[in-house]
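Student: Chains as they are written, first to last, in our numbering: chain G, 43 to 543; chain X, 43 to 543.
Some clues are possibly wrong.
In silico SDA-like cross-links for lysine to any residue, where the CA-CA straight-line distance does not exceed 25 Å [said to hold, decoys possible]:
(1) G:Lys543 / X:Ala537
(2) G:Lys273 / G:Asp295
(3) G:Lys375 / X:Ser531
Partial list, derived from the structure: chain G residues whose beta carbon lies under 10 Å from chain X [as the list claims (entries may be wrong)]:
(4) Trp347
(5) Met414
(6) Val434
(7) Thr436
(8) Ile438
(9) Pro439
(10) Ile440
No lab work stands behind these hints, which were simulated from the structure alone. Only a predicted model underlies this, so the values are computations on that prediction, with no experimental measurement involved. Even glycine gets a Cβ: it sits at the ideal position worked out from N, Cα and C.
There are 2 protein chains.
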Amino acid sequence: MKYSIGIDIGTTTVKCILFGEGVQVVAEAGREYKTLLPKASWAQQNPEDWWKGVAESIRSILTESRIAPEDIKVISVSSQAPAVLPMTKEGEPLHDALIWMDRRSTKELEILEEKIGTKKVYEITGNRLDTYFTLTELMWFLRNHPDMMKKCHKILQVNGYINYKLTEVFSIDATHASLTQLYDVHNNCWSEELFEAIGGDTKIMPDIYDCMDVIGHVSKKAAEETGLSTKTVVLGGAVDASAAALEVGVYGDGSIAEMTGTSSVVMFGFDGLVTCNELSYLRGVKENTTILFGAMNTAGGSLKWFRDALYGGETPQNDAYPRINKEIEAGAKNPTGLIFLPYMAGERAPIWDPNARGTFMGLNMNTTRAEMLRAVMEGTSFALQDNLDQAVKTGIPIRDFICCGGCSKSDIWLKIKASVIGQEIKIPSVNLGAPGGLGYMNAAFMGEYKTPEDASRAALQIKKIVEPVEEWIPIYKELYQIYLDSYQSLKSQFAALAQIK
Amino acid sequence: MKYSIGIDIGTTTVKCILFGEGVQVVAEAGREYKTLLPKASWAQQNPEDWWKGVAESIRSILTESRIAPEDIKVISVSSQAPAVLPMTKEGEPLHDALIWMDRRSTKELEILEEKIGTKKVYEITGNRLDTYFTLTELMWFLRNHPDMMKKCHKILQVNGYINYKLTEVFSIDATHASLTQLYDVHNNCWSEELFEAIGGDTKIMPDIYDCMDVIGHVSKKAAEETGLSTKTVVLGGAVDASAAALEVGVYGDGSIAEMTGTSSVVMFGFDGLVTCNELSYLRGVKENTTILFGAMNTAGGSLKWFRDALYGGETPQNDAYPRINKEIEAGAKNPTGLIFLPYMAGERAPIWDPNARGTFMGLNMNTTRAEMLRAVMEGTSFALQDNLDQAVKTGIPIRDFICCGGCSKSDIWLKIKASVIGQEIKIPSVNLGAPGGLGYMNAAFMGEYKTPEDASRAALQIKKIVEPVEEWIPIYKELYQIYLDSYQSLKSQFAALAQIK
């Protein structure tokens with residue numbers, strides 16, 4: 043028997059899955075770790091916590107499955123991205139890793155806006171200049187910890203650290219490289235221009251491995267710490283979103299999926315290189331493919347806020363969401379005529395406005411709670427359509443629209459969403475997320491399938507197809523326009539509100 | 043002993059108060075009646091219901107007080123306004139009365155907009171062309187019931203009908219005349235130009251009596267029906283708002299009062315004639331005085347909506363408002379940074395936008411219900427300030443600000459309001475409303491005071507003065523500007539929303 047392991051290092055947990063043949067899940071394990079928030083807008087994690095979580099999880103699945111470690115042929119690792127972790131030549135972290143949600147490098151952002159300009163950065167990297175990326179965070183280290191950075195041999199991404207712990211090789215995979223905002227996506231190399239701008243050197247970057255390239259074998263030390271065999275090889279791995287996209291069939295032109303939980307991300311697959319100023323660029327697992335994605339901060343988050351602030355909250359004994367769905371189905375059977383802007387924590391794609399805030403408009407004396415709840419579902423669906431509009435501008439033909447994640451459990455929400463986007467929505471039977479995509483990569487590596495995409499195609503099963511409600515489509519078209527106009531109208535008031543206090 | 047009676051014919055009830063010397067309340071009685079809504083936007087009442095309510099109420103206070111009817115020296119009547127009640131020469135109603143909330147005359151409004159123009163109507167009457175007034179409603183009768191109108195001898199206002207039933211004299215008091223939108227306020231006469239425009243004749247209007255002019259004595263028939271003495275005289279009376287203004291001390295320059303319940307009205311007293319396009323014009327009880335007023339549709343109404351839609355509603359066992367006040371005082375101690383537009387049923391003054399709707403903006407993941415409740419109080423206070431701004435444009439010096447009505451029971455609301463307007467707010471001990479003002483008129487008529495204003499001055503007692511919170515004032519100044527801008531920004535989206543469906 044041949045087995046493989048997929049490990050995803052998320053923002054809050056490590057998730058580790060042991061796959062058998064046919065990408066069957068044999069065993070699973072996970073561990074949580076902490077995000078340290080030493081100051082407002084700072085967010086960092088201790089890389090030892092990741093490794094501890096990984097080692098324990100691997101031990102756990104080995105114990106549970108009772109398989110022989112040497113039967114595990116391959117491991118691949120995905121992670122939250124991007125991050126910055128400065129390492130010594132000896133493989134010791136010099137500092138906690140700054141993770142994607144860290145916002146300390148605003149000063150560096152300003153300097154770069156001045157020095158190179160947002161337009162140029164977008165042209166080189168395919169992404170908007172933002173503290174989200176490695177670029178400004180690495181610059182923060184260089185400006186604020188110059189002595190420490192003299193000892194820095196390489197900077198790693200999150201999976202890069204785990205790969206190092208497993209193989210003792212410094213690496214970065216191609217999808218993570220695409221998200222550093224230090225990579226020249228047109229010339230396929232680190233950008234000398236950007237490194238010069240931040241006062242750094244491209245030598246600080248590890249070698250780039252493609253997602254399915256072999257980095258090395260599990261080291262003796264790692265084998266001891268995890269129970270793995272030194273015969274097992276480790277692949278380059280991927281950004282969690284790239285792996286998750288593969289899992290739900292987003293690769294190549296016209297494949298679209300929304301993963302909708304507290305926040306939502308909608309991903310568009312393209313052949314070749316495509317960039318779009320309103321969406322984020324990420325390389326697909328397959329070489330020469332693109333994933334554009336739009337991240338919406340508070341999709342499910344908006345409903346969660348409503349639940350907690352205005353619906354009496356939630357206890358383990360009291361699952362509010364099924365009741366919310368019923369209340370809408372009984373009391374708000376049709377489009378509400380309310381507009382909800384779901385910008386409860388500012389918004390990323392496509393408006394990129396940290397000052398935007400949640401807004402209900404159109405309330406009247408007969409407006410019910412059920413209608414407001416429905417308006418939340420409508421508003422988040424409009425936000426999705428707003429991202430679809432951006433993707434359509436690039437000329438993408440919309441083929442399949444797949445929806446997964448916690449919010450895809452609500453039938454009424456899906457019906458509203460299908461009617462807003464004017465297209466059927468497919469719900470997959472299984473949704474393993476990033477580890478599932480890693481499983482496909484591993485299966486292709488082991489020769490079970492020709493490519494990871496073939497594995498995805500073979501495995502993806504659609505549980506349910508939700509159709510739009512014909513009568514709602516034209517109404518939502520009109521309401522969507524008002525939704526767009528309302529944000530544009532209120533934009534400067536949001537900015538003014540942000541100035542107060 | 044000398045007694046008098048004040049009778050107010052409101053929109054839903056007649057309220058009848060027997061006053062003794064010193065404007066002391068001796069007995070009270072009231073009766074409800076129905077508003078008939080035969081079609082959407084139609085609103086009419088049967089004048090016999092008013093009279094029945096008045097006659098029963100008078101009998102009730104006579105029985106209760108056991109005073110001799112001939113000791114009642116004078117009666118005055120105030121009413122909801124304006125209305126249109128076509129009468130035969132013999133004193134029979136030809137139709138139900140169209141009351142102020144009737145909106146059937148929209149076609150007539152369009153014709154007049156075309157024919158004379160809104161500007162001209164404002165110049166003649168001091169009020170914006172609106173279906174609220176007698177003008178378009180009388181035109182509706184003339185256009186839609188031409189045969190019936192041939193039999194029409196006079197049209198009456200609501201108190202005019204009661205005065206007729208009491209004295210058999212057709213009359214209209216000067217304050218009601220000022221609110222017909224048929225009266226030329228600059229030349230003090232019915233406007234020939236407007237009557238010509240609607241195809242009517244000024245002869246249809248009854249003689250104008252000033253508020254304290256004697257119309258006549260109680261007729262024999264009326265005495266039989268009510269138990270009153272034929273020795274009692276009946277005065278001209280007033281619009282309920284004019285009488286209510288007098289009661290809370292609004293007469294002459296700089297006196298301001300807000301009566302805040304489900305809807306709010308803020309009234310500004312002026313010497314002489316003053317008009318303002320954003321506020322409504324009404325003559326004061328005293329000759330050659332003005333009351334400008336701004337009516338806000340849903341002040342308390344907004345909080346009531348929140349209570350019913352999002353706060354679990356209200357039962358007799360469950361008085362929500364004290365709990366709401368406590369929740370705000372505990373959980374939203376400071377300005378919220380939210381903006382609430384309190385336009386839950388469109389808005390009258392000062393924006394005059396039937397399409398405007400309730401809006402919460404600035405919501406974030408930490409926004410609590412307490413903050414949203416406070417935002418409702420803040421938003422309605424901003425709406426008040428918006429009306430104050432209009433009055434200030436006329437050059438009025440703001441002297442006293444008095445607040446009465448149901449919403450003045452909330453201390454936190456008053457504190458917010460005082461901080462928004464940047465001025466202390468006085469709460470009167472007693473608030474009888476319009477009948478109180480009638481009591482002052484009666485007392486002056488009987489010689490107890492030189493003028494009704496003297497009576498008001500002598501009687502008005504301030505129970506409580508609420509001071510602004512110094513730290514809140516500058517924050518509310520900034521938020522108020524955003525409030526104003528938000529409505530201006532959303533205006534066209536409100537119009538677009540109104541077009542849907």
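Student: Hint by hint, say whether it matches the structure.
Tutor: Evaluated hints:
1. Of the pairs offered as hints, the one joining Lys543 of chain G and Ala537 of chain X is violated, with about 33 Å between alpha carbons and a cut-off of 25 Å exceeded.
2. About 37 Å separates the Cα atoms of Lys273 of chain G and Asp295 of chain G, which puts this hinted pair outside 25 Å; it is violated.
3. Proposed proximity of Lys375 of chain G and Ser531 of chain X is contradicted: the alpha carbons are some 30 Å apart, above 25 Å.
4. The beta carbon of Trp347 of chain G is positioned within 10 Å of a beta carbon in chain X (closest approach about 5 Å), and the interface hint is therefore held.
5. The beta carbon of Met414 of chain G comes within 7 Å of a beta carbon in chain X, closer than 10 Å, and the hint placing it at the interface holds.
6. Checking Val434 of chain G against chain X: minimum C-beta separation of about 23 Å lies over 10 Å; hint violated.
7. Contact between Thr436 of chain G and chain X, as hinted, is not supported at the beta carbon level, the nearest pair being about 28 Å apart and thus beyond 10 Å.
8. Taking 10 Å as the C-beta cut-off, the interface hint given for Ile438 of chain G is violated, the closest approach to chain X being about 29 Å.
9. Annotation: Pro439 of chain G was flagged as interfacial toward chain X, and the flag is violated, the nearest CB pair being 30 Å apart, outside 10 Å.
10. Interface hint at Ile440 of chain G: violated, since its Cβ lies 26 Å from the closest Cβ of chain X, which is beyond the 10 Å cut-off.
When each numbered hint is compared with the structure, violations occur for hints 1, 2, 3, 6, 7, 8, 9 and 10.
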